[in-house]
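Q: Spelled out from the first residue to the last, the chains are:
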Amino acid sequence: MGKLLGKDLICTQEWSKEDLDRIFKLAFEMKQDRFGEKYLNILYRKQFFMFFFNPSVRTRQSFEAASTELGAHAQFLEPKAMRLKTAKSAGETIEDAAQVMDRYAYGLGIRMLENKVTYYGEGDSLIREYAKYTKMPIISMAHDKFHPCQGVADIMGWIEWLAEAGKQKTGSLATEFDSDGLVGKKLLITWSQGALCRSLCSVQEAALLAGRYGMDVTIAHPEGYEFDPDVIKATRENCEARGQEFTVTQDPEAGYEGAHVVYSRNWMSSEAYQDGELKKEEEIAKAQKYTDWTCTAARMKRTDNGIFTHPMPIDRGAEVEDAVASGPNSCIFDVAENRLHGQKAIMAATMAGFLD
Amino acid sequence: MGKLLGKDLICTQEWSKEDLDRIFKLAFEMKQDRFGEKYLNILYRKQFFMFFFNPSVRTRQSFEAASTELGAHAQFLEPKAMRLKTAKSAGETIEDAAQVMDRYAYGLGIRMLENKVTYYGEGDSLIREYAKYTKMPIISMAHDKFHPCQGVADIMGWIEWLAEAGKQKTGSLATEFDSDGLVGKKLLITWSQGALCRSLCSVQEAALLAGRYGMDVTIAHPEGYEFDPDVIKATRENCEARGQEFTVTQDPEAGYEGAHVVYSRNWMSSEAYQDGELKKEEEIAKAQKYTDWTCTAARMKRTDNGIFTHPMPIDRGAEVEDAVASGPNSCIFDVAENRLHGQKAIMAATMAGFLD
Amino acid sequence: MGKLLGKDLICTQEWSKEDLDRIFKLAFEMKQDRFGEKYLNILYRKQFFMFFFNPSVRTRQSFEAASTELGAHAQFLEPKAMRLKTAKSAGETIEDAAQVMDRYAYGLGIRMLENKVTYYGEGDSLIREYAKYTKMPIISMAHDKFHPCQGVADIMGWIEWLAEAGKQKTGSLATEFDSDGLVGKKLLITWSQGALCRSLCSVQEAALLAGRYGMDVTIAHPEGYEFDPDVIKATRENCEARGQEFTVTQDPEAGYEGAHVVYSRNWMSSEAYQDGELKKEEEIAKAQKYTDWTCTAARMKRTDNGIFTHPMPIDRGAEVEDAVASGPNSCIFDVAENRLHGQKAIMAATMAGFLD
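Residue numbers (the working numbering), protein chains in the order written: chain A, 11 to 366; chain B, 11 to 366; chain C, 11 to 366.
Chain A with its partners taken away, still in its complex shape:
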């Protein structure tokens, strides 16, 4: 186990499983005792800086709530007004800006993806440049490659819903961290139609984490919508290390059979960035041609009473049918809630050394 105070969280793959286990355990405890005395002042009167290069709903709301609940204050900073150097604009160097912020704040969250980067990986590079110049932890609030906080929330939700078959029907979710319930369970991450042209961060993070936690992972997508090869390689190794299968397929029907978790989501193609620009219109037009790629109630019937998961917002009717998204096996609101608890645990650990 490493020291977590000051540790950046850019991708869960860079953390040991032991350290992640500690985060999950704390997150479940915090969920059980949301306003417990022992958590209320972990970050008493400290600042958490949030850089939203891209806007967000859940990420903003959950990080700002997490900060309050730990006694901190989240500063909502709009980089566009800050004359900071970014992928797309000149301005104050990251070296200068980051070193000043390190004097004021105890943690810095950064969101940079989609149309705010000019090529896949640029957001990741920028986040790492901030990390280079700060002693405080840098936490990805979603970037072009990874979305560690979403990954943590996903795993928490799946543990809760798969803990004991059928429990979800009664609303009685698992109340403590025990990841054994995930071992050998089948996860299907399947591309779907959708007009949102999203980055791969959430699905890539989910694949990596699922592999590490012993799930059988299938990734399905049309040709041209491949994951980052490095992520594929790491996910395969993660699965193999746990003795699980890892499959990549271009068949929209594949993976549903016997699946326990179905993660149906749109993401951009490998050709999305051209000449330093996200070709959003072209991407949306192209995606809409794959009419057979959607998560239907009929397909869900072939699963093993599988749950539907999604990081939201959902493009209903395209990514998934309403009957599935609003159905009894949809864990989306619990996963969304887990953003809060997971992030509280991450902030407590990295910004205050609560687990050291």
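Because the hints were derived from the structure by calculation, they are not lab data. The reader is advised that the hints may include incorrect statements.
No distinction is drawn between identical chains; accordingly, a pair holds when it is met within one copy or between any pair of copies.
[Claimed, not checked] Simulated pairs of lysine-lysine, DSSO-like, Cα-Cα distance not exceeding 27 Å:
| hint | residue 1 | residue 2 |
| --- | --- | --- |
| 1 | Lys142 | Lys299 |
| 2 | Lys296 | Lys142 |
| 3 | Lys299 | Lys17 |
| 4 | Lys48 | Lys17 |
| 5 | Lys90 | Lys289 |
| 6 | Lys27 | Lys90 |
| 7 | Lys48 | Lys27 |
| 8 | Lys290 | Lys90 |
| 9 | Lys13 | Lys296 |
Could you slot chains B and C onto chain A? The hints should help.
A: This is chains B and C only, laid out in the frame that chain A set:
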């Protein structure tokens, strides 16, 4: 008396008078003891979400201050960046967004009126759709039909200023809730010129509440600037139930004679929305023709030492003469301050069950 | 010593040196004990309103952090959305807006300079108009003429770095207020190239304060980049009262010889505002002609082991060479940090009467 925890406040008319009385009583107590120990942690470390589809000065400032003073944190959320479904744009469904927010926050304020709706009543419908999907209370921060928090602040200010004749001259305001001072007092709500093209929410809420609290209500406006017929009907019933007069007139001189409270304000005409759009330019041009509609010092002389009230911002010189707005009988700053205290009471009651 | 509760801080020159000394003393104590119990609740649950007519990085971050650390809440208010009367737009009068804010908040910071004013001095006038209508203190967060909080941070940083020669090399900075170390030390404020077209507020505030604290002050700039004559006059008087030299020169080489503090920065020319508009493009084009005006490592060698200071953001390569800005004698990050501590002291004194 009903349970107030989780109760939405979209219009005061939907609350029992007993419940409103309890809010007024608490609001006056909170005003007397602004940082009293017993109020400081009513919403300790909780989130209040503020959705400002339309910007605001007093509403933002007073709700954010109210949140702090109760131990909560107000999140200033800009729906335009949130890809939410609104009257004017597609995006994430309210069903999805609201159910997630319900996991993070303990109350949600929504402001939607004027140019952010496409027809009168659309803001009201949208607020009620949020209310449908949340367990936490929805509080209108002003919408096209009603403005309950302004109404509460108005009544508080009028109670203070009318409590004992002449007391306002010494700055010694009433210090506890006693609405008997309003019974039989004459309220004139009069349309006025002005270039702001405001929604009817404030004046409609004031008319409804004044009737319930036993005031004699006169509404004066040029032809074409009628109130919502449902509001007229309810106000008439409110007045009749208290044995008071209710008058609607198109005479700009009417209602001043013997008035105790004069509320002079511009509002949009019944033709303001055309083809799904607020015709602001046309409205302003039309309003400026009614040069005889303004609250002058000369007219105020005909009142019974009447006070001038307005929810602000004031279009000075159009809605009212400076001599009146800045005169000794202007209660505008006390009413504005009451926004804070009234909202603290409402939030404490609906978000924490402080009065249950 | 005067009473500081409610006292505006628009320029340090308007405060007695005794009162400034008290601020510096408190600021150093607060820096030594950042989360000390006795400071944490000075502004418990109070509001500090921040009006950013112009955006900012450090000012926003440090004021918002200062508020949190004193138990207050900083409201980030965007005047552009508030329909307030400003130099460039009609709207609600300051008389009305200010008197309402006085009911909600305990302090108001205002930032207005550069392209948000139409002539030099207009920001100063607007701030003073707010001050006229409020009982709460108005704190300049930088305006066209002055930047008192930057001045306080500068002096703190110079005291720390000049306290004992060479101490900066070990990172062991002065830990209490003793301004004797500044007496007789040579300060060079030199104009430099740069594409930012900044207001004179920071350099003018620094010159005034340095004179009062006994420094020998040299101001160097090309013809046409003169300081405000009133500031020149006051700085000369400040220096003479302490028996120190005050020099104004148009020689880019001047002032480095034996200097202890070099403050190299771009600022706009006396012709920057034309016809009610900041001619930014023309200013930048003009400034770039003065290629000899930059702070080089070679020039710094002629100083007395002088430190480099700057309020940031730095236009590296234009205002100063990287070797200087990132060199061992650069105090920029400590000065930036001092914004936080200085502002905490100012807020505690003026908003809560902590020193009265």
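Q: Name the hints, by number, that the structure is in violation of.
A: Violated hints (numbers, rising): 1, 2, 3, 6 and 9; every other hint is consistent with the structure.
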